[in-house]
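As you go down the protein sequences, you meet chains A and B in turn. Numbering follows my numbering, with no gaps: position 276 of the first sequence is 276. Numbering follows my numbering, with no gaps: position 44 of the second sequence is 44.
Be aware that a few hints might be false.
Stated by the list, open to error - In the DSS-like style, the derived pairs of lysine-lysine whose C-alpha atoms are separated by at most 30 angstroms in a straight line are:
| id | chain 1 | residue 1 | chain 2 | residue 2 |
| --- | --- | --- | --- | --- |
| 1 | B | K62 | B | K142 |
| 2 | A | K237 | A | K141 |
| 3 | A | K233 | B | K142 |
| 4 | A | K237 | A | K224 |
| 5 | A | K103 | A | K141 |
| 6 | A | K297 | A | K233 |
| 7 | A | K103 | A | K157 |
| 8 | B | K142 | B | K70 |
| 9 | B | K3 | A | K224 |
| 10 | A | K297 | A | K310 |
| 11 | B | K142 | A | K241 |
| 12 | A | K104 | A | K224 |
| 13 | B | K206 | B | K142 |
| 14 | A | K224 | A | K241 |
| 15 | A | K103 | A | K233 |
| 16 | A | K141 | B | K206 |
| 17 | B | K142 | A | K237 |
| 18 | A | K157 | A | K104 |
| 19 | B | K70 | B | K3 |
| 20 | A | K241 | B | K187 |
| 21 | A | K224 | A | K103 |
| 22 | B | K104 | A | K310 |
| 23 | A | K241 | A | K104 |
| 24 | B | K70 | A | K310 |
| 25 | A | K237 | B | K3 |
| 26 | A | K224 | A | K297 |
| 27 | B | K104 | B | K142 |
| 28 | B | K64 | A | K241 |
| 29 | B | K64 | A | K310 |
| 30 | A | K141 | A | K104 |
| 31 | A | K310 | B | K62 |
| 32 | B | K187 | B | K206 |
| 33 | B | K104 | B | K206 |
| 34 | B | K3 | B | K64 |
FYI, nobody ran anything at the bench for these hints, they're computed from the structure.
Residue-level listing of the chains:
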Amino acid sequence: MLEIVELTGLATLQDSGRRGGNKFGVPASGAMDWFAYQAANSLLNNPPNSAVIELGLGEITLSALHNTTIAVTGAGYEVENYVWTFPLWTTFYVRAGWTVRAKKISGGNWAYIAIAGGFDSPVIMNSRSTYLRGGIGSALKVGDVLQSFASTPDLLKLAARDFPPVRQGLPCPHKTQPEGCGTYFIDVIPAPQADWFTLEGIRTFYESEYTLSPSFDRMGYRLKTLSSPSSAKGIEKAITKELISEGMTMGSIQIPNDGQPIVMMADAPTAGGYPKIANVTRASLPLLAQCEAGLSKIRFREVTVEEAQKNLAGISGYKKSW
Amino acid sequence: MLKPLGDSAILIQLGDAIDPALNQRVHALDVLLQSIPAVVETVPAYCTVLVHYDPLAATYSKIKNLIEEKISHLDESTHRPSRRLEIPVLYGNASGPDLEPAAKTLALSPSELIRLHSEREYTVYMMGFTPGFPYLGILNEKLTLPRLSTPRTRVPAGSVAIAGSQTGIYPVDSPGGWHIIGHTPLKLFDPTSEPPLLFAPGDTVKFTPTDSNRNVHVAIAPPAR
Chain A
1 MLEIVELTGL ATLQDSGRRG GNKFGVPASG AMDWFAYQAA NSLLNNPPNS
51 AVIELGLGEI TLSALHNTTI AVTGAGYEVE NYVWTFPLWT TFYVRAGWTV
101 RAKKISGGNW AYIAIAGGFD SPVIMNSRST YLRGGIGSAL KVGDVLQSFA
151 STPDLLKLAA RDFPPVRQGL PCPHKTQPEG CGTYFIDVIP APQADWFTLE
201 GIRTFYESEY TLSPSFDRMG YRLKTLSSPS SAKGIEKAIT KELISEGMTM
251 GSIQIPNDGQ PIVMMADAPT AGGYPKIANV TRASLPLLAQ CEAGLSKIRF
301 REVTVEEAQK NLAGISGYKK SW
Chain B
1 MLKPLGDSAI LIQLGDAIDP ALNQRVHALD VLLQSIPAVV ETVPAYCTVL
51 VHYDPLAATY SKIKNLIEEK ISHLDESTHR PSRRLEIPVL YGNASGPDLE
101 PAAKTLALSP SELIRLHSER EYTVYMMGFT PGFPYLGILN EKLTLPRLST
151 PRTRVPAGSV AIAGSQTGIY PVDSPGGWHI IGHTPLKLFD PTSEPPLLFA
201 PGDTVKFTPT DSNRNVHVAI APPAR
């Protein structure tokens, strides 16, 4: 059990997502950064769908009500446990009465705090993921006591682990350094309405440098142009008719009438009526999720579905390496 | 007709119109798709089905072939399991503040508008925008109105509204630009009840004018065929 003693920002319980609700208008929700979420649970040998705390836009201080082991992953945070500071992607033993604090530093947006056994909370439509706009679950607040499931009695065995792919530089969506010119390249696959845009519009999309606008949330990432090859900053359309609403997914990039891309994230509506120019690959979503508003420079790079699925398979097997 | 939407979803486009017959094909296909093992979930819409699949369980070309095989079996005889729901509605007054102005714009009396709205059976074309919102059609063409020029910042849950050739019900308090002509006391989305959602895509819906808020219930029956 953990009690929340201080909290700024947004902390919610998330798991691998709520599947099956999309056709009723209920989005999948789940972690913004699926890779960090999975790593946090696998570090603790938790069942793969266990709920964790997702923390963003602020800091949290937790007090342990019994002895446990905790893992924290993600980006943009460091962790204080009692008197020690730990980097992310590690586990540490926490004695009853100690406080654990996730402190915001630069380098990302979201941290994932997992507990041995996984957090317990009501299951709604087969998931513990919070979806605030739909009234499913609620934002965590000071005074909340979070229950967890029983774990192995040998908590020390789970402690002092670190996550090999991140520590050893194996293929992984999180790069501490961006590629040349300080730019993060995000892989995308052309979307069904890619041919609704002019060639100039497509060129603007792939050759512009973007950053995240400051008002980002779990629903969507609105992008701002930093530099563009074209005099018009917006992405130009060749077809201007209205799109008949159709399903979309996390990573779908809609181009509204102002021509500035919006990337749909975990809590995005299940369907939309703006044309979609491209879709971020699952392998690139964690990196995009952690891009910092106003700081990280983002460019899009076209890949095929086959390449994207190969890249995804390459980073999906780590949980089996323990 | 089949296009990738990222590496974990594929969009099936069966046409490009808001049309009842086309939408029937969408829902018929949606039923067939559920038996493909790698399919995680589907989103049937007006003229498309978005199929979310597990890319670690099936590659794009594999899932594409499986879907094409299902489409080849899609014909008029495909059985569509569907329900018919009767929804009690309080029209006008505080329950439907736009009933009178809408009737005036349409050159109808309020009671005529109510009759034209409640005499038809509608299909849930798709759901979305908010959890549990049913897009219903097709409205009698005498009821076609553009959206409100200034959307409301808060439309109360249960509001029955019309816009364009469609009608819908707001499941939760939310902003909205449709004309509110009535209200149903039924809950369309309640995360704590089981099942949490009243409607499903493909359902048949009929509105029944009522004058009481009390003892309302939804009548659910198999479709009359």
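Going through the hints against the structure:
1. With a CA separation close to 47 angstroms, the supplied pair K62 (chain B) and K142 (chain B) exceeds the 30 angstroms bound.
2. In summary, the hint linking K237 (chain A) to K141 (chain A) is not supported, as the alpha carbons are separated by about 44 angstroms, beyond the 30 angstroms threshold.
3. Between K233 (chain A) and K142 (chain B) the alpha-carbon distance is near 43 angstroms, which puts this suggested pair outside the 30 angstroms criterion.
4. With a C-alpha separation of about 18 angstroms, the suggested pair K237 (chain A) and K224 (chain A) falls inside the 30 angstroms cut-off, and the hint holds.
5. Our distance criterion of 30 angstroms between C-alpha atoms is met by K103 (chain A) and K141 (chain A), whose separation comes to about 17 angstroms.
6. For the proposed pair K297 (chain A) and K233 (chain A), the alpha carbon gap of about 16 angstroms is at most 30 angstroms, so the pair holds.
7. Between K103 (chain A) and K157 (chain A) the CA atoms are separated by roughly 26 angstroms; this keeps the pair inside 30 angstroms, and the hint holds.
8. Restraint check for K142 (chain B) and K70 (chain B): the C-alpha separation of about 38 angstroms exceeds 30 angstroms, so the hint is violated.
9. For the hint pairing K3 (chain B) with K224 (chain A), the CA-to-CA distance comes to about 28 angstroms; that is within 30 angstroms, so the pair holds.
10. A distance of roughly 25 angstroms separates the Cα atoms of K297 (chain A) and K310 (chain A); the hinted pair therefore holds under the 30 angstroms criterion.
11. For the hint linking K142 (chain B) to K241 (chain A), the alpha-carbon distance of about 24 angstroms falls within 30 angstroms, and the restraint holds.
12. For the suggested pair K104 (chain A) and K224 (chain A), the alpha carbons sit about 24 angstroms apart, so the restraint of at most 30 angstroms is met.
13. Note on K206 (chain B) and K142 (chain B): the hinted pairing holds, with a Cα-Cα distance of about 18 angstroms set against a maximum of 30 angstroms.
14. Between the alpha carbons of K224 (chain A) and K241 (chain A) the distance comes to roughly 25 angstroms, so the proposed pair stays at or under 30 angstroms and holds.
15. With a C-alpha separation of about 36 angstroms, the suggested pair K103 (chain A) and K233 (chain A) falls outside the 30 angstroms cut-off, and the hint is violated.
16. About 43 angstroms separates the Cα atoms of K141 (chain A) and K206 (chain B), which puts this hinted pair outside 30 angstroms; it is violated.
17. The suggested pairing of K142 (chain B) with K237 (chain A) is violated, with an alpha-carbon distance near 34 angstroms, which exceeds 30 angstroms.
18. Among the hinted pairs, K157 (chain A) with K104 (chain A) is consistent with the structure: their alpha-carbon atoms are about 28 angstroms apart, no more than 30 angstroms.
19. Only pairs whose Cα atoms come within 30 angstroms are accepted, and K70 (chain B) paired with K3 (chain B) is accepted, the gap being roughly 16 angstroms.
20. For the hint pairing K241 (chain A) with K187 (chain B), the CA-to-CA distance comes to about 35 angstroms; that exceeds 30 angstroms, so the pair is violated.
21. With a C-alpha separation of about 27 angstroms, the suggested pairing of K224 (chain A) with K103 (chain A) holds against the 30 angstroms cut-off.
22. Straight-line distance between C-alpha atoms of K104 (chain B) and K310 (chain A) comes to about 60 angstroms, which puts the hinted pair past the 30 angstroms bound.
23. Restraint check for K241 (chain A) and K104 (chain A): not satisfied, since their Cα atoms lie roughly 44 angstroms apart, outside the 30 angstroms limit.
24. For a cut-off of 30 angstroms, the pair hint linking K70 (chain B) to K310 (chain A) stands: about 26 angstroms separates their Cα positions.
25. Of the pairs offered as hints, the one joining K237 (chain A) and K3 (chain B) holds, with about 20 angstroms between alpha carbons and a cut-off of 30 angstroms not exceeded.
26. Only pairs whose Cα atoms come within 30 angstroms are accepted, and K224 (chain A) paired with K297 (chain A) is accepted, the gap being roughly 10 angstroms.
27. Our distance criterion of 30 angstroms between C-alpha atoms is met by K104 (chain B) and K142 (chain B), whose separation comes to about 12 angstroms.
28. Between K64 (chain B) and K241 (chain A) the alpha-carbon distance is near 28 angstroms, which keeps this suggested pair within the 30 angstroms criterion.
29. Of the supplied pair hints, the one linking K64 (chain B) and K310 (chain A) holds, its CA atoms being roughly 17 angstroms apart against a limit of 30 angstroms.
30. The hinted pair formed by K141 (chain A) and K104 (chain A) meets the criterion: a straight-line CA distance of about 18 angstroms does not exceed 30 angstroms.
31. Annotation: proposed proximity of K310 (chain A) to K62 (chain B) holds, straight-line Cα distance about 14 angstroms (limit 30 angstroms).
32. Between K187 (chain B) and K206 (chain B) the CA atoms are separated by roughly 16 angstroms; this keeps the pair inside 30 angstroms, and the hint holds.
33. The hinted pair formed by K104 (chain B) and K206 (chain B) meets the criterion: a straight-line CA distance of about 24 angstroms does not exceed 30 angstroms.
34. At most 30 angstroms may separate the alpha-carbon atoms for a hinted pair to count; K3 (chain B) and K64 (chain B) meet this at roughly 9 angstroms.
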